[in-house]
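All chains should be modelled from the sequences, with the hints used to inform the complete structure.
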Amino acid sequence: MSKFKKKKDGELPPVSTASLPDIVFMLLFFFMTVTVMKDSEPKVKNELPNATEIKKLEKKDRVVYIYVGQPTEKYQSVYGTEPKIQLNDKFANVSEVGDYVLEEIAKKPEEVQAAITTALKIDKNANMGIVMDIKEQLRKVNALKVNYTTYDGDAFKNLQ
Amino acid sequence: MARRGGAPEVNAGSMADIAFLLLIFFLVTTTIETDAGLDRMLPPNEPPTDDQVVIKQRNIFEVQISKDGQLLVEDELLPIKDLKQKAIAFLDNGGAANGDPNYCDYCKGKRDPDSSDSPEKAVISLKNDRETKYAVYVTVQNELVAAYNELRNREAKRLGYDMNFSEMEAAYANQETPDETKEKLKIRIKKIQDLFPMKLSEAETNKN
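Quick note, the sequences are listed as chains A and B, same order. This note's numbering applies: residue 5 is where the first sequence begins, and numbers increase by one. This note's numbering applies: residue 1472 is where the second sequence begins, and numbers increase by one.
Heads up, some of the hints might be wrong.
If we take Cβ atoms under 8 angstroms as the criterion, some of the chain B residues that face chain A in the derived model are [claimed, not checked]:
| no. | residue |
| --- | --- |
| 1 | Ala1606 |
| 2 | Val1607 |
| 3 | Gln1646 |
| 4 | Asp1650 |
Derived coverage of chain A by chain B (criterion: at least 3 residues anywhere in the stretch with Cβ under 8 angstroms from a Cβ of chain B; other residues may be distant) [to be verified]:
| no. | region |
| --- | --- |
| 5 | 56–65 |
| 6 | 103–114 |
| 7 | 132–146 |
| 8 | 157–164 |
DEER-style ranges, computed between Cβ atoms [stated by the list, open to error]:
| no. | chain 1 | residue 1 | chain 2 | residue 2 | range |
| --- | --- | --- | --- | --- | --- |
| 9 | A | Lys63 | B | Lys1661 | 13 to 23 angstroms |
| 10 | B | Met1634 | A | Asp156 | 16 to 26 angstroms |
| 11 | B | Glu1480 | A | Met36 | 39 to 49 angstroms |
| 12 | A | Glu114 | B | Ser1637 | 25 to 35 angstroms |
| 13 | A | Asn146 | B | Tyr1643 | 22 to 32 angstroms |
| 14 | B | Met1512 | A | Leu106 | 10 to 20 angstroms |
| 15 | B | Lys1579 | A | Ala110 | 44 to 54 angstroms |
| 16 | B | Asp1553 | A | Glu77 | 49 to 59 angstroms |
Calculated directly from the structure, the hints in this document are not laboratory data. Built from N, CA and C at the ideal position, the CB exists for glycine as well.
In structure tokens:
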């Protein structure tokens, strides 16, 4: 009686799936770490204009966002159809922008506080009056780096 | 023969299924999008001083956007698609005579004495109405930045760099670029920026 059974010829050994969970876990951890869950629901229409000479906002921890646009249909009965400013998840007046930006900057780690960019996500149908007021506010609190957030595309499409 | 005693092994066969479920959840909720846009610096909010800086009229390139989206460049109506060329012609003019301290030896413009002296002196003044559409404003900004970028790219090529200016800036902003490359890029970017400094004024001050 032999101790080892002789393998039958012609039969492929099954592929081991024991490492499958490891591979899947690796992918899982990757996506878990890169996921950014949206923390605020947009309350304004935010169709950005197009531009070609754009630069990426690489460091997300150094960005403060300001949204401007027409309130979405749900809020139009209360806030009307004129473009409004949204800070975090509530509507705000122009006069609150400065304080909000200062507050957001104070929340960031100290070493990046000097390099904060304010991303202005402004609907393309907004008019410049509100934008000028925001810029004036930002100048007052000395948050001078701004980024007019846009889509990548032909800028002349904006004019149609 | 199976050994008795000892805890029975837990079946780990369904581990993969659980992990897959989680994986699919995170796959669906992930947004790996980075925002992009036009970077601009606002003018600092300094207290008004008595001594006003007087800029010569020929060194100012005046762009006005009316509330219905029309463009008035140097008091003439101009279609927006011609703005870039006109801005390049202004910036690259180099009107100062040879021997003048402002003489620009790398300019390739017409050297018209009624246009800007040198890129260093040239200022673009952008004014808009409160009712101007933001989309038009961004288009104009985009065209003006494009004018600067085109000139800077030209200079990068002239200086024999292996990348053009836009690529260098992108590489500098990229977190994966090694530090020593960044140092090198920083010097080059600064050099080109000094050749064509971006002087885009949006102040509502009146000129003299």
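A quick look at each hint next to the structure:
{"no.": "1", "hint": "Ala1606", "verdict": "holds (4 angstroms)"}
{"no.": "2", "hint": "Val1607", "verdict": "holds (7 angstroms)"}
{"no.": "3", "hint": "Gln1646", "verdict": "holds (6 angstroms)"}
{"no.": "4", "hint": "Asp1650", "verdict": "violated (15 angstroms)"}
{"no.": "5", "hint": "56–65", "verdict": "holds (count 9)"}
{"no.": "6", "hint": "103–114", "verdict": "violated (count 0)"}
{"no.": "7", "hint": "132–146", "verdict": "holds (count 9)"}
{"no.": "8", "hint": "157–164", "verdict": "holds (count 4)"}
{"no.": "9", "hint": "Lys63/A <-> Lys1661/B: 13 to 23 angstroms", "verdict": "holds (21 angstroms)"}
{"no.": "10", "hint": "Met1634/B <-> Asp156/A: 16 to 26 angstroms", "verdict": "holds (20 angstroms)"}
{"no.": "11", "hint": "Glu1480/B <-> Met36/A: 39 to 49 angstroms", "verdict": "violated (28 angstroms)"}
{"no.": "12", "hint": "Glu114/A <-> Ser1637/B: 25 to 35 angstroms", "verdict": "holds (32 angstroms)"}
{"no.": "13", "hint": "Asn146/A <-> Tyr1643/B: 22 to 32 angstroms", "verdict": "holds (24 angstroms)"}
{"no.": "14", "hint": "Met1512/B <-> Leu106/A: 10 to 20 angstroms", "verdict": "holds (18 angstroms)"}
{"no.": "15", "hint": "Lys1579/B <-> Ala110/A: 44 to 54 angstroms", "verdict": "holds (48 angstroms)"}
{"no.": "16", "hint": "Asp1553/B <-> Glu77/A: 49 to 59 angstroms", "verdict": "violated (39 angstroms)"}
In terms of the numbered hints stated before, the structure departs from hints 4, 6, 11, 16, listed from lowest to highest.
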